[in-house]
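Number of protein chains: 2
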Amino acid sequence: MKKKGTRAERELFHILYDNGFMPCRIAGSGSTPLPSVDLVVGNGKKHFAIECKVIKSKVKYFHPDEIIQLEEFSTKFGAEPWIAIKFDYKGWFLLQPKTIERTKNGYYSISLELAKEKGLNLETFFKL
Amino acid sequence: MKKKGTRAERELFHILYDNGFMPCRIAGSGSTPLPSVDLVVGNGKKHFAIECKVIKSKVKYFHPDEIIQLEEFSTKFGAEPWIAIKFDYKGWFLLQPKTIERTKNGYYSISLELAKEKGLNLETFFKL
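Respectively, the protein sequence lines represent chains V and U.
Per the working numbering, the first sequence starts with residue 786, numbered consecutively.
Per the working numbering, the second sequence starts with residue 786, numbered consecutively.
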């Protein structure tokens, strides 16, 4: 799962680079107590902090701490917080944390339906 | 030398974090054909792309490609390009590429004298 996540992160990195963005893969994201994210991306004007996820199932759950860390990093750095999620055979969707639903136990969740409804596909994200 | 560079990079990372900046160490900087830098740093308003160097001698030379890559990355990402250089027993100095002298063979060079004259110490950099 770790390997697959890294592969997806690299895939998104190259998609962004090929479309005029300057992405950076962050060293040690996920293994440091300091807030961090997977990718930091700029296009000369705007900056984006992106957590990348790839899933096989139909719903991805996030521990509240993951969302808090993404938002804290983004505020301190000066970037928009985004989650990039890749569903098998459906491709990438990009969502802002504020659009994600919260489950009864406090976790956040993104279903394919939510991603389609509230998320952006890559072409739309490129125009931001 | 590689190890010492990484240690210095981590040291600068923590100094910046402790002073209200949100730094990121970039994975694979120096080992990718795409433009990259050692640290990308934001403070919620401004963004900085930083190449870190630590030297024992009195002058640090840079291949022109290093400077070109730093400037290209910074323009595409949307950040100010900076070089952070640590001289033994003298601490950190921060310089922008435009202030660096060019040698006759096309290399760029930073001497301790130039760093003191044209560079900022950390306290001054924090106020940018």
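Derived from the structure by calculation, the hints contain no laboratory data.
Among the hints, erroneous ones may be present.
Heads up, the list lumps identical chains together, so a pair's fine if it works in one copy or across two of them.
[Said to hold, decoys possible] Below, a list of computed lysine-lysine pairs in the PhoX-like style, where the Cα atoms sit at most 20 Å apart: (1) 861 / 830; (2) 889 / 912; (3) 861 / 843; (4) 861 / 912; (5) 831 / 788.
Hint check:
Proximity of residue 861 and residue 830 under a CA criterion of 20 Å is satisfied in both settings, with 17 Å inside one chain copy and 9 Å between copies. Neither within a single protomer nor between protomers do residue 889 and residue 912 lie at most 20 Å apart by alpha-carbon distance, with minima of 35 Å and 44 Å respectively. In the homo-oligomer, the alpha carbons of residue 861 and residue 843 never lie at most 20 Å apart, since the shortest distance is 32 Å inside one protomer and 36 Å across protomers. In this assembly of identical chains, residue 861 and residue 912 lie within 20 Å of each other by CA distance solely across copies; the values are 16 Å between and 24 Å within a copy.
Taking identical chains as interchangeable, the C-alpha atoms of residue 831 and residue 788 are never at most 20 Å apart, the minima being 29 Å within one chain and 34 Å between chains.
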